[in-house]
Amino acid sequence: MNKSVLFGALTIAGLAAGAAAAGTLDDVKARGKLNCGVTTGLVGFAAPDANGEWKGFDVAVCRAVAAAVIGDATAVEFVPTTGKTRFTALASGEIDMLARNTTWTFSRDVDLKFDFVGVNYYDGQGFMVPKELGVSSAKDLDGATVCIQTGTTTELNLADFFRSNNINYEPVPIETNAEAQQQYLAGACDVYTTDASGLAATRATFENPGDHTLLPEIVSKEPLGPLVRHGDSEWGDVVRWTLNALITAEELGVSSANVGEMASGTNNPEVARLLGTEGTLGEMLGLDADWAKRAIETQGNYGEIFAKNIGEETPIGLARGLNAQWTDGGLLYSPPFR
Amino acid sequence: MSTTTDPQGGSFRLSMLLNDTRYRSMTLQVIAAIILALSLAYLYSNLAANLRAAGLNISFAFLGTPAGYDINQTLIEYDSQSSNLRAAMVGILNTLLVAVLACITATVFGVVAGVLRLSNNWLVRKLMAFYVEIFRNIPVLIWIVIIFTIMIAVMPGPRAFRGDNATSSMLFDLFAFTNRGVYAPGPYFTRGIGGADGSIINWLLVIATLVGSFFVTRKVTERANHVQAETGVRPNTLWTNLAIWFVPIIILMLILGLAWEIPELKGFNFAGGLKIGGPLIALWFALSIYTGAFIAENVRAGIQAVSKGQTEAASALGLRPNRTMSLVVLPQALRVIIPPLISQYLNITKNSSLAIAVGYADITATLGGITLNQTGRAIECVLLLMLFYLVISLIISSVMNVYNNAMKLKER
Chain F
1 MNKSVLFGAL TIAGLAAGAA AAGTLDDVKA RGKLNCGVTT GLVGFAAPDA
51 NGEWKGFDVA VCRAVAAAVI GDATAVEFVP TTGKTRFTAL ASGEIDMLAR
101 NTTWTFSRDV DLKFDFVGVN YYDGQGFMVP KELGVSSAKD LDGATVCIQT
151 GTTTELNLAD FFRSNNINYE PVPIETNAEA QQQYLAGACD VYTTDASGLA
201 ATRATFENPG DHTLLPEIVS KEPLGPLVRH GDSEWGDVVR WTLNALITAE
251 ELGVSSANVG EMASGTNNPE VARLLGTEGT LGEMLGLDAD WAKRAIETQG
301 NYGEIFAKNI GEETPIGLAR GLNAQWTDGG LLYSPPFR
Chain B
1 MSTTTDPQGG SFRLSMLLND TRYRSMTLQV IAAIILALSL AYLYSNLAAN
51 LRAAGLNISF AFLGTPAGYD INQTLIEYDS QSSNLRAAMV GILNTLLVAV
101 LACITATVFG VVAGVLRLSN NWLVRKLMAF YVEIFRNIPV LIWIVIIFTI
151 MIAVMPGPRA FRGDNATSSM LFDLFAFTNR GVYAPGPYFT RGIGGADGSI
201 INWLLVIATL VGSFFVTRKV TERANHVQAE TGVRPNTLWT NLAIWFVPII
251 ILMLILGLAW EIPELKGFNF AGGLKIGGPL IALWFALSIY TGAFIAENVR
301 AGIQAVSKGQ TEAASALGLR PNRTMSLVVL PQALRVIIPP LISQYLNITK
351 NSSLAIAVGY ADITATLGGI TLNQTGRAIE CVLLLMLFYL VISLIISSVM
401 NVYNNAMKLK ER
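Protein sequences, first through last, are from chains F and B. Heads up: the first sequence at position 135 corresponds to 135 in the UniProt record's numbering, and the numbers run straight through without jumps. Heads up: the second sequence at position 142 corresponds to 142 in the UniProt record's numbering, and the numbers run straight through without jumps.
For the record, the hints were derived by calculation from the structure and aren't laboratory data. Hints are supplied without guarantee of correctness; some may be wrong.
What the hints assert, rightly or not - Straight-line alpha carbon distances no greater than 25 Å define the calculated BS3-like cross-link-like pairs of lysine-lysine that follow:
#, chain 1, residue 1, chain 2, residue 2
1, B, Lys-410, B, Lys-308
2, B, Lys-126, B, Lys-308
3, F, Lys-29, F, Lys-113
4, F, Lys-139, B, Lys-266
5, F, Lys-55, F, Lys-308
6, F, Lys-131, B, Lys-266
All figures in this text were calculated on a predicted structure; none of them were measured in a lab.
Excised from the complex, chain B in its bound form (with noise of 0.2 Å):
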């Protein structure tokens, strides 16, 4: 006799699917998961449809043929005769490129904003309240477009510094603001890998260094944290980590003999130096205030999260002001801060593509545009930019949550 009894075995009936809540949401699921098969099913087979009656195919040997044309802001070595992958890859550079800079410029506006915003001085607050008020409620593309043709408008061409009676003058003599960018000294090195043009091994050196100096500093840093700790004296770490971070640069510097181009004036245009277009300046600067807004909103509202007895501990600790904000209020307010932050570099990312409106050659304008347009191959074009973003997104997210999870309050 068995005495294991199972009260729904075989009891169980097709109406349940819907009725029994065990089973519901699974039912549902299935559904949409049909539903949304179809959909693209059916999406693919009029694609497919109307690209054979059409006469059309779909084929990406484009990315492989020459590109033919110019672009004006390329990280790596380009011409009108490289292929239209190329010609992709540095517009994924150039959208990296205004990614980062953007990314760091809004969340250093967006945390000064968001700390002042809760200011005691009157005049700062309402300040503050209205640069958050006024960039965050219109769209980014039309503060890109503001921006640049102030620029264009105001700043004076290069035509403007030529002659005896010039109407503008290089600053210090070493940059010329102009309404087609900023030209600044360029630095190179005379005795560096591959001569005197160089090439891309001696930043990555310099990089190298300047990671190292940060590694070895923090090893500096969690030993004085340490002595601390056992014997309760901070060992002066300002000395050493001033050292560690200069004296290895510096000797690098040397070896490789670090020189400065200046800029000047060569025919039509300033030549020589370091160049910063004035379509990335325009939509760098757009991103930063328009995205720091919002980041400013996420500092105001991380802060505020984080409650009043805090502060008032801090005070009566005998720290200064700055100091609680620092060491004790920010810090526990950043757990609420970074998850939206991660979306707001999303969004710096994704709203870089409207670089086209002013010309920056970045991933849109280059693959997403010239190219889909001078070989007219939309559907290919258009895929390789989803994938594009998408990966990128992903990938910024996922090295966010990391932050995140590091960052986050871990109970034990």
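Isolated chain F, as found in the complex (with noise of 0.2 Å):
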């Protein structure tokens, strides 16, 4: 805050609107720790595990961020946040960046005055029914009762949606996806609608996920990535391009097994400037040289990320789809790193 913390703390959370418009990136080396906003819990994106470590493609890209900047993955504080707290909690400076399946939207970016660094998870708005109502179509969903995450973009796709197929139904709206799942394994809700990938990851921490069923349509965009406070470039550079390091580490055969190596040597000269062997990429940052290899040694690159918390290999189960390396036909692309 600009002004005294305690004036600062007598303002209601709606006042305090606005924090330091510059200098994260130094708040943070200061700080020695980076606080980075995730949901309240989505298995597979963020969750804390049995030991109560947050684990998830989400975190990891938090993780990637604090080891980048502070030279340590562990030095993260998690904030959950709701679909409702997450834009306040950024806004009045609670936390440094928000990594939260957040969709990238016009009023997010230019009226609320976020800057989306990028997408890190490209996904579409779906339906899961259980498998017993014999629906095989989200059309067929007239008079329906669906479980809906509140203050989402998903909330108003939603209602676009049935009103653009005429078709009516009773939005039940809910805080966490914990409570969704309750209602809707309760019977509650005919319907639970979220994020296709958000529904697999729900879908997979069921008893039976063999008894419920997505969908098939999407009925919308829904471009998930990191965003900070807008004003600050600087610090969303160093988030921006973090995230690019990931995607590109994929790309460029880089992963955390063979970073070392690639360090000490490689003939690639785009390797060598992400690693920082070359150029002073970091310098430019305001990091040192090793900022990218730090990231991509504790986290792995894009592709070990998405195998490890949300691919086919998991629970979860999502295929890459739209998701894989633009030279795999998928949609990832990273701007080059020169």
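Make one complex out of these two single chains by using the hints.
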């Protein structure tokens, strides 16, 4: 905050909008800890494991940034946020960045004054129903009761979808994925709708995942990615290029296993620039030369992170699909490191 | 030569502002006012500076733009293309609905529990003490969540009603109790103004008729009192009053063609009739039993404030205990009960904002929740919310104060 902490604390959260406009990078370095906003718990994306340690696809982005900036992938304070609290948390400076399957939309980018640094998961909104209902298409859902996380883009898409298909539904607004799961399993709602990846992740935690089916309709584009406050471009660049480093690493074949070997000698100049053995990319970002190396070393490249947390080998079982590298026909395309 | 003297005149010293009791309170108030004004100015400039730094501004234009989301319980016409202002109106009406319902039931629970807590029956007395202590000492949010969770887990889903060997069936083929709410037959007017679907005018007519009956019966009772005061014989008003209550409303119903729509399973849900949603029931019930426990204590205190001699005198006149209570003790106890009761009604209204925990679309959920989140206008929405709760609270307390003034001991 610009002014004293005492009066800052007296203002309500809503009044605290607009924290320090610049210097997040310095703040994070000085604090020695990254405050990263994540979901309250969505297995595969961000959830504490049995030891209370946060694990997941979004969590890996936070840890990669911490590794790049502070040099310690564990120096992250995870702040669980709901669909409703996430933007206030970011705008008020409670968190430095938000990595919480948040859809990049025009109004969030422009009107809410946030900067989306890229896309770490290309998603779309889907529907999950119990098999016993015998529904095969979302267009058959006339009159259904739908559980929906409130304050999300899915809430708006849902209204649009049912409206344009001229069918009715009854929304059941809920706060968190855990609540939705409870109500859906108890039959308080017929359908659960959110991003298809989130549905797959939720279904994987069910006792009998086979009893539930994802409908074929994907009713929206949901590019999910990390975001930071608008107006602090240096910090935005750090998060943006950390994400790009993970994506580029996969494209160039740099993985957590071979990153050390590649850093000691490679004949690919882009790999050398990425890993800091050539050029001054790290310095330009305000970091040291090994920033990207540390991120890849501790978290793995994008492909590794995907495979470990949500890929087909995991219970969540998501195919790469749109999230394959551009060289494999997917949408992942990082600007060059030069 | 002047004889009037003013001993203080001209001898006013600055130190008297603090030392003289005549001025001290005023000085302190002025200082407090200045500090308050400075704090507010500081907070405002801090807000303005931070907003400017973040490139944001304050604007209420979002109220006119389409809300884009649907609401599951709407008392007025609403769809996703309606404005955010209309969504806020839906929320306001839902808040008022649950507040009014909960105030009524909480008063009933409170009065019953408060009277029974003073019962001579040991078991009843202890049971009521148990109720009061259990519900008063656990936060209302927890009660709301407990009741909602139990409802979802215990009640059958609509699926259980389906098929030939359904595990659940409707009560009397009229009522369905599901984990999504209670479905009951819904009244509608076949010959109502505005066709079978009817408009709100039909219901306003019904309410106007009932209000009219209320005032006419009051007149009849006043007249009976008057006759009793003059002649000592009270005319029998029961049949007249019953007729005044029932005849006009029955005639109106016949004219409008009252019919009932029975809920039935259609597709995924029960359709038709009246639906009282699960969140409303959970919130209503939780607020009622929680605040009822507080009101019970108010009622107990009020009754105990009435001197024992009053009860003994009533008994000596041959009044039965229940008549003693309703005619002698409670009217006097009301003077003690009403002021704290106002606070309890305010609490109910404010606590209804916890609706958000169960997905009930009150004003906090619509304006302060979804609209705030979808538009990002946090400051504007929170200001409007504060304004709404302030206005509602002031209205409730002024209405209740009118009632309090009517009830309080009048000294001549």
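Hints, one by one, checked against the model:
Between Lys-410 of chain B and Lys-308 of chain B the CA atoms are separated by roughly 21 Å; this keeps the pair inside 25 Å, and the hint holds. Our distance criterion of 25 Å between C-alpha atoms is met by Lys-126 of chain B and Lys-308 of chain B, whose separation comes to about 22 Å. A threshold of 25 Å between alpha carbons decides the hint, and for Lys-29 of chain F with Lys-113 of chain F the separation of about 24 Å falls inside it, so the pair holds. The suggested pairing of Lys-139 of chain F with Lys-266 of chain B holds, with an alpha-carbon distance near 16 Å, which does not exceed 25 Å.
The straight-line distance between the Cα atoms of Lys-55 of chain F and Lys-308 of chain F is roughly 10 Å, inside the 25 Å bound, and the hint therefore holds. Taking the CA atoms of Lys-131 of chain F and Lys-266 of chain B, the gap is about 18 Å. The hint holds against a cut of 25 Å.
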